[in-house]
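Enquirer: Please build the complex by placing chain B on the supplied structure of chain H, with the hints as guidance.
Chains as they are written, first to last, in our numbering: chain H, 825 to 1085; chain B, 10 to 96.
Be a bit skeptical, because a hint or two may be false.
Distance windows between CB atoms, simulated [unchecked claim]:
hint : chain 1 : residue 1 : chain 2 : residue 2 : range
1    : H       : Leu-1002  : B       : Tyr-84    : 36 to 46 Å
2    : B       : Ile-66    : H       : Thr-1037  : 22 to 32 Å
3    : B       : Val-41    : H       : Pro-841   : 24 to 34 Å
4    : B       : Ala-80    : H       : Trp-881   : 20 to 30 Å
5    : H       : Ser-913   : B       : Ala-80    : 27 to 37 Å
Pairs of lysine-lysine residues, derived as DSBU-like cross-links and limited to a Cα-Cα distance of at most 35 Å, are as follows [as the list claims (entries may be wrong)]:
hint : chain 1 : residue 1 : chain 2 : residue 2
6    : H       : Lys-901   : B       : Lys-38
7    : H       : Lys-981   : H       : Lys-901
8    : H       : Lys-981   : B       : Lys-59
Covered stretches of chain B, as calculated for chain H (at least 3 residues, CB under 8 Å) [what the hints assert, rightly or not]:
hint : segment
9    : 42-56
10   : 66-76
11   : 84-94
FYI, nobody ran anything at the bench for these hints, they're computed from the structure. A virtual CB, placed ideally from N, CA and C, is assigned to each residue, including glycine.
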Amino acid sequence: MTHQTHAYHMVNPSPWPLTGALSAFLLTSGLIMWFHFYYTLLLIAGLLASTMTMFQWWRDVVREGTYQGHHTAPVQKGLRYGMVLFIISEVFFFAGFFWAFYHSSLAPTPQTGGQWPPTGILPLDPMEVPLLNTAVLLASGVTITWAHHSLMEADRKESTQALLMTIALGTYFTYLQLSEYSETSFTISDGIYGSTFFMSTGFHGLHVIIGTTFLTTCYFRQQLYHFTSNHHFGFEAAAWYWHFVDVVWLFLYISIYWWGS
Amino acid sequence: NRAKMLRNLLALRQIGQRTISTTSHMHFKNRVAEKQKLFQEEDGIPVYLKGGIVDVILYRATMILTVGGAAYAMYQLAVASFPKKQD
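Excised from the complex, chain B in its bound form:
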């Protein structure tokens, strides 16, 4: 019984060694050259929008959140500054 366990353990160890050496990380390809071409295109677009439509969406979302939020914060502070009288 113990010999069987040891044999299984050794087999498991071999499998573990095999898998680790081949697929331990996601395989990324080197796309730096493509990115360099995209971001060096002389189209006048500023770097914060140059990546494409996702940049524009993120930019708009951030502006709406911050500018809208700041206006709302000022409104809340104004309300908090004039507490309702208790009857």
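Chain H on its own, in the form it takes in the complex:
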């Protein structure tokens, strides 16, 4: 008996977990060298190494699924569980930053002038660009759902158009946020307000960029005919991630931009 008697995919031994771990070491020691000695070589090496690792690791997953046929129904179920658990872990990551925000804003101390926003802090107007950003992300949630339905109906042209629109909206959000960052009268070092604002919105923005990259990868895979009308888990994973990013923004907008202003 030389074949397996279970349904799970036993991957070929791979070097990417090792290079990923070493890249993490380069990133962390690189940050130390940058913070303490203004020396950036290690950090750049870490960023390059982690990018190369991610590219090759996910390239291999595409090869194993699309080209080698390993992503059978039971295997795909495992991939779905995996993506769900990962997103849940990200929810907990953001929960920490929201905890910090509510801890300080619900019971303002004398250090903040006994009020929230703290004395001297001029928050951004929630009815201006932040509201536009909310509309942009909500619209992108609609376009990605449109793209998914078009994909399931094998409408190649509409699926591609809707996906491109989603990517454009995500890029527009990032552009608007960056311009807002240059407009704030406060910085990350302006007390607890600055810290909670920029840590929360900053990590959210990073996740928007990651999500946009994931969607762009889906666009290229779609052009290369990787997706079929009933097997396109990569696309679904990207869509789930994108909705997660949208929901985090809604919490950010309501808590920090609106209630916190």
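Expert: For chain B alone, coordinates are given in the frame of chain H:
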């Protein structure tokens, strides 16, 4: 003058409509079947090298960067741990 502008605008609109419907995206061919054949060949090559010479180059570059970089990082941390005395 205004009539001329309107006529030009309508003509421009027609051109725009024509070009968009034919060449809005790069035309990729469906090469999935070829890729499936390549990656299913029973040659014992692991998936991370199975694509060809570019895979090997990328693999070597990544290993050199990470292993070499980690060794260099440890060296730098050792140097940073023993600061030079100031005269």
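Enquirer: It remains to establish, for every hint, whether it holds in the given structure.
Expert: We went through each hint and held it up to the structure:
Distance hint check: the CB atoms of H/Leu-1002 and B/Tyr-84 are about 37 Å apart, consistent with the given range 36 to 46 Å. One distance hint, 22 to 32 Å for the beta-carbon pair B/Ile-66 and H/Thr-1037, holds here, with the actual separation near 23 Å. About 28 Å separates the C-beta atoms of B/Val-41 and H/Pro-841, a value consistent with the hinted range of 24 to 34 Å. Checked against the hint of 20 to 30 Å, the pair B/Ala-80 and H/Trp-881 passes, with Cβ atoms roughly 23 Å apart.
One distance hint, 27 to 37 Å for the beta-carbon pair H/Ser-913 and B/Ala-80, holds here, with the actual separation near 32 Å. Distance restraint check for H/Lys-901 and B/Lys-38: the Cα-Cα separation of roughly 30 Å lies within the 35 Å cut-off, and the hinted pair is therefore satisfied. Of the supplied pair hints, the one linking H/Lys-981 and H/Lys-901 holds, its CA atoms being roughly 29 Å apart against a limit of 35 Å. Only pairs whose Cα atoms come within 35 Å are accepted, and H/Lys-981 paired with B/Lys-59 is accepted, the gap being roughly 32 Å.
Chain H is given as covering the segment 42-56 of chain B, and this holds because 7 residues of the stretch bring a CB closer than 8 Å to a CB of that chain, at least three being needed. A stretch counts as covered by a chain when three or more of its residues have a beta carbon under 8 Å from one of that chain; for the segment 66-76 of chain B and chain H the count is 8, and the coverage holds. Beta-carbon proximity to chain H at under 8 Å applies to 3 residues in the segment 84-94 of chain B; the threshold of 3 is reached and the given coverage holds.
Violation of the numbered hints given earlier is absent; every hint is satisfied by the structure.
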